[in-house]
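Colleague: Throw the hints in and build the complete structure from the sequences for me.
This is what each chain is made of:
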Amino acid sequence: MIVDDHRAFRSICRLTRRQVCRVLRGLLLPVILLPGVCASDDGQPKTSGTAEASAAQTIDFSQHVQPILNKHCVACHGGVKQAGEVSFVYRDQVLPPDGWIVEPGDPDASILLQRVLETDLELRMPPPEHGAALSAEDVSVLRQWIAQGAVWEGGHWAYTRPQMPKIPAVKDVLWTRNPIDAFVLKRLEDSGLTPSASAEPVRWLRRVTLDLTGLPPTLSDRHEFLTAVAVDESAAREAVVDRLLADPAFGERWASVWLDQVRYADSRGLGADGRRTIWKYRDWVIAALNADMPFDEFTIKQIAGDLLPAPTIEDLLATAAHRVTQTNEEGGTDDEEFRVAAVVDRVNTTWQAWQGVTFGCVQCHSHPYDPFRHEEYYQFAAFFNNTQDVDLNEDWPVLKTPLNVADYEKASALQSRLQQQQQALWEAEYPFLNTPDHWQKVADLQASTNNRTRITVEQVDGEPQFHTIDTVSRNTDITLSASVPNSMEQLTAVRLTAMPLDPKTAVRDSEWGFVLSHVQVQWIDDTGNAVELPVSRLVIDEPAPFYNPQDSLNPKSNRGFAAYTRIHYPRQAALVLKQPFEVPDTGRLQVVLKHRVHILASFSLITRRGALAVSADSAFTDLLSDESILALRADVAATQKQIGAIKSVAIPVLAERPRHLQRPTHVFERGLFLTKAQKVQAGTPQSLPPLPSLPEGQAPSRLQLAQWLASEDNPLTARVMVNRLWARLFGTGLVATEEDFGSSGEPPSHPQLLDYLAVKFQTRDQWRLKAALKEIVLSATYGQTAKATAQAWQNDPANRLLARGPRFRLSSEMVRDQALAVSGLLSRKMNGPPVHPPIPAGVWKPFQGGDKWPVPKPDNEDRYRRSIYTYTKRSIPYPMFAAFDAPSREFCTPRRLRSNTPLQALMMLNDQTLEECAAALAEQMLSVKGSLRQQVRHGFLQVTLREPDDAEIADLLKLHDVVSSGDEDGVDRGMQAVARLLLNLDEVLMK
Amino acid sequence: MSFPNRLSVSAETFLRQLQSTTRRHFLQGSATGLGALWLASQASGSERHVPEHTADNPQSPLPPPLPAKAKRVIFLHMIGAPSQLELFDYKPELKALDGKECPQSFLEGKRFAFIQGTPRMLGPQYPFAQHGDSGAWVSDRLPEFAQHVDDVCFIKTMQTDQFNHGPAQLMVHTGQARMGYPSIGSWVTYGLGTENTDLPGFIVLLSGGRQPRVGKALWSGGFLPSVYQGVQCRSTGEPVLNIANPNGVTRNERRQMLDTLSRLNERSSREFGDPETLTRIAQYEMAFRMQTAVPQAMDITDEPKHIHEMYGTEPGKQSFANNCLLARRLAEKDVRYIQLFDWGWDSHGAAKSEALNEGFKSKCQQVDRPIAALLTDLKQRDMLKDTLVVWSGEFGRTPMRENRGGTEMKFVGRDHNPGAFTLWMAGGGVKGGTTYGETDAVGYSAAENAVPLRDFHATMMRLLGFAHDTFNYPFQGLDQKLTGVKPARVLEDVIA
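Protein sequence lines correspond, in order, to chains P and L.
Residues 55 to 1045 (our numbering) make up the first sequence, in order.
Residues 893 to 1388 (our numbering) make up the second sequence, in order.
Take these hints with a grain of salt, some might be off.
Mimicking DSBU-like on lysine-lysine, the simulated pairs with C-alpha atoms at most 30 Å apart in a straight line are [said to hold, decoys possible]: (1) 1302(L) with 610(P); (2) 240(P) with 824(P); (3) 240(P) with 828(P); (4) 1002(L) with 899(P); (5) 899(P) with 1225(L); (6) 1002(L) with 730(P).
Some chain P residues flagged as far from chain L (calculated, every beta-carbon gap over 10 Å) [unchecked claim]: (7) 229; (8) 243; (9) 282; (10) 525; (11) 579; (12) 1017.
It should be emphasised that the hints constitute simulated quantities derived from the structure, not laboratory data.
What you are looking at is a predicted structure, and each value in this text was computed from that prediction instead of being measured.
Note that the Cβ used here is the ideal one computed from N, Cα and C, for glycine as well.
Modeller: Right, dumping it as structure tokens:
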């Protein structure tokens, strides 16, 4: 299904992209970007930030000038502090017409040069107490730059759209297998170095198999490959890569990489860190990667799948990417505080994962180095500020996701039908509530409660309103009574307006909401007797609320009409009487509002202010028997029933609030949610290309944001993604600071290679990861041996020049999966709820006792599933993963550090899972017919993929004999020791 | 392009540090406002302190950059936040207000976890007396500890900005309210390494029957390399995860296996030239040594009888008393940072087990003697002078009685109060017999010398020989440090 949708989806994307391009060419003339765009239009391949540019001839702003400014000036004249209103982050504050610091073409008239050359220490920049004077070379660079016209080259390289560079000419053409190699070799030749020899075929096979699938090759893979290599090495390699890319293990391996970015976990984090059922999203990621879903589509679905036309189950499921944020379930926590924290995390994660920019800085102040202003953070946050979710234990809104993927299509159709039917029903009923003519005022409103909650009535705009005073108690019943207009002959409906305590401030600072657990309408006669006026139906102001408002009529349910935990705006419900009540001459209307919900052990959700109105309109009574409305109600019920019949699991997803209930977004002063400054509209930073154009007056939504991220014009998305692929394969990205492509990050080691890969990814690869990966792993660069001299290691420990092949420790998932695979224990069962492999005693002590870790028995394959399926609890990470540097997924983790610790050794030597692997591997070796030597050789080959040499075999045999000497119980301890040793070999733990 | 001559984990760490320092040389500024905040968060012009561990041992011992008073830390955290008003912060005026409705001025603008409506004031539940030459007030709940007040410095005006347990505990140990940041112990072992090559440098001991709610996040290495995270040791069961050989594998056999493994790995090392391989060999050897050293250190049965009596220890049990004795043993073996968590101090009055008039009494009994014994023991071994002992909760408790749900509760308790709590320090260069800061008449908020957690962190770092603002680590575009982005100050008054 995913594959089928690609074509249609891509044409939508394409269209959008064309629109964006048109906008760019026609309209885009912001000062900062203009030079960059021109440079591309004149056909010159632009390679910003390249090491090759010669300082003596042309001064490049981002490469030569900006580092000087960043080093000496921006601490005081930057994004945060703009002393004297001068900032070297923004072009328009430096250059004419608005800036006055630099006169292009005239160094001597430029204040910048005057001040850095000033001999009076009182006036010199930087002031002596802040730093030394600029060096003669720095001054000379500034002088030349100004003399050459002070071209502000679109600022930092990463914010300028990548252009396809020319493939460089190299001397050793024969070494290169594809363009990647030309870029790498050029840099090596320029540094006077030569590449390393090719890795032995089996080493290459092991490397590429682990890299693409996260699993080691089997002995039959080895045999097949060696046979094919003997015929045609290049064809053999390509065939292997094609096979691996088609293996479903590919999706499992690369899903780990993506889940680090979107901070996926199966628990809620902060507070109680309870279980969260969201694994269907993990399965979606695996399926999308296996289907090679283009990365633009992958992006759009995760950011805004719910806003696509007629979204499918998968589209909705994809949005769970931003529902894995932490929730605070602890008693007494402020829901709004942690809802805001989740929004902030969504903003920061989106920037980290897709843009490689530390946008988090901008939450509190303008970015110190990069051209992002403080308010732009909140403009961006506005895209995420109107989803329905709040900091709820229930994780609402959730999507009923079929357990069986085969039911997705059917469920998709039903879900969209339900949404349409609910909308249609609401549109048919809501006008009755929303028409002012239907309603008449009440008079002499009186209010009382059944407990310590204090309440009073005041006149607001000529209408009586009740409101509570001070804080409120649990389980409050509010009894309201009022007289109805004298002229009123019949009563057909009562309108309840439930408001925030302070309606003026609640729009920006929402208040605790309410749940109307039960409502009663009565008539009190002169003697005080109450006559029940049965209510048949509630008509409310929202088409698909969390709680069914009709539950307010069910005394056994605590749910009902609600703003739920937060209220911003007055909310309304019409209580439609079962039959018209003939209003007597005397007596009063009485309405009882019962509140039974309190959350987080602390907060009572009660109506704090409100008003009543009455209707004599027969339209309400007619509504109850209106055939078209009854039919719509029946349709909704029927669809709900059909959905209910599909075995499903509820997964948290994004959903937008109805337009009339949208939250405004404000700038937070110093990033604190309690101090709100000006209101902002959704938007992206000025210094990057604009959003896709929209019809006049239409505000951009998350969908436009998603398209903006996934656009070819976005200078960062493709670069960040190909850099990520590179880093996972080589251990270090071309931009080593994967998390920071901004001007304080590290410049790329091979800028042209990065741009080549990025542009190719967007165009020829059509955003497909598999195509991008294929070219990299088939390159000569990737195929080099990792063997190098001590001197070479010392000169380039992180292998930035790529003069040798990659060699670094396997990820935690690979360490475990490899051990299971080579010992024959690994289950290849895919997908499904998280599993609970053996865990050391005493580790599993969750805060909530009900959260169990049921370890499957050895005959149950769930004991040996791939690591990606292991239950991920943030506060109790699986010990093996934690020891091997897997992040605990509270935040986006752009890259993992790789440590080398004694705890890893203890894990590999003594852990239950490794123990079972060693035993199984020993069994396997013993089952080989032949001599002990042959058995040991088999094990060695199985684990390392290479033939042991005589010395190695001799060492292992000796170990076997020494350990076995004491065997009495028929267990071959010697073989188990050999097996354990094999699993611990350095070359096994390393790629 | 030149590369630092560094390897392995140290290589990655060092590379990051280097990239960041060379990129940014911050100029000292006299800025005000937001800029000042941000600038203050950066290394304010001084050079960053970069611990340079040896290539094969990322925890190699290093001297601190400044003269240090404390060599190691024992941190006793009472999880749940014990009431300062029942232990150290004596408020006779609160007694006079007992049972009266809380004045509205206390309620305005305040956010509570559980208090509803208008609560009533609650006087101190236990009698107080003055102790020692310093005349420090301590309630009758801690009679043995009270004899040590002349070695103790009380800070009565600790403040935090979090009023829920999870975030507040994270604030105490990581300086941030969210998971994912390095804990103090990680910073310290990153900065100082450890002198004992057979034991982890940062050890965590738990008691009270439950884990802290945010679990490992309280001893996480955050964005620091994982080698600096705390290692939880247990007084029952396996002292460290996977420390014991699998069934049937003898120590001798393990030795044989490791010898063979080393030989094979040395061959790899020669073949590939990768320095990481040598580090791995060294780490496997350390693991082997830990297999003997950790169980030995964790086995308290070899302590003499009078020591067991002094602490009230019972070998084989999981208890705070056992953990205090273990803390001394580990300190003796030069473990750098020893973190104890004791659960069960959340005295809301919502259940008997935690109520001030019930469970709180037994909690006090459980900790009083062991803490006193720990201080005595460290002193008699001449270790108190360079061992910093810290006692704290994560926030304080209200002078109002909790009235959850707006009604009077069955048991007596107090709600969370971030505005004032008591923390004490002893040893490690702290000025004994002193009190810093004073709360208002009812102990609700700081009246003078408020101490935000970051100031305490800065002080602690100073005692250990670090300037808190230059000891930082680049992450997410910011020079991250324990004290966060707001300016922190060292409490010179509490340093001897």
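Colleague: Against each hint, give a clear statement of whether it holds in the structure.
Modeller: Against the structure, the hints come out as follows:
1. 1302(L) with 610(P): OK: residue 1302(L) and residue 610(P) at ~28 Å, within 30 Å.
2. 240(P) with 824(P): Answer holds: residue 240(P) to residue 824(P) is near 26 Å, not above 30 Å.
3. 240(P) with 828(P): With Cα atoms ~21 Å apart, residue 240(P) and residue 828(P) stay inside 30 Å; holds.
4. 1002(L) with 899(P): The given pair, whose Cα atoms are some 34 Å apart, is violated under the 30 Å limit.
5. 899(P) with 1225(L): Given that 30 Å is the threshold and the Cα spacing comes to 29 Å, the pair holds.
6. 1002(L) with 730(P): 18 Å, holds
7. 229: 21 Å, holds
8. 243: 15 Å, holds
9. 282: 26 Å, holds
10. 525: Answer for residue 525(P): violated, closest chain L Cβ roughly 5 Å.
11. 579: 33 Å, holds
12. 1017: 5 Å, violated
Hint compliance for this structure: hints 4, 10, 12 are not met, and every other hint is.
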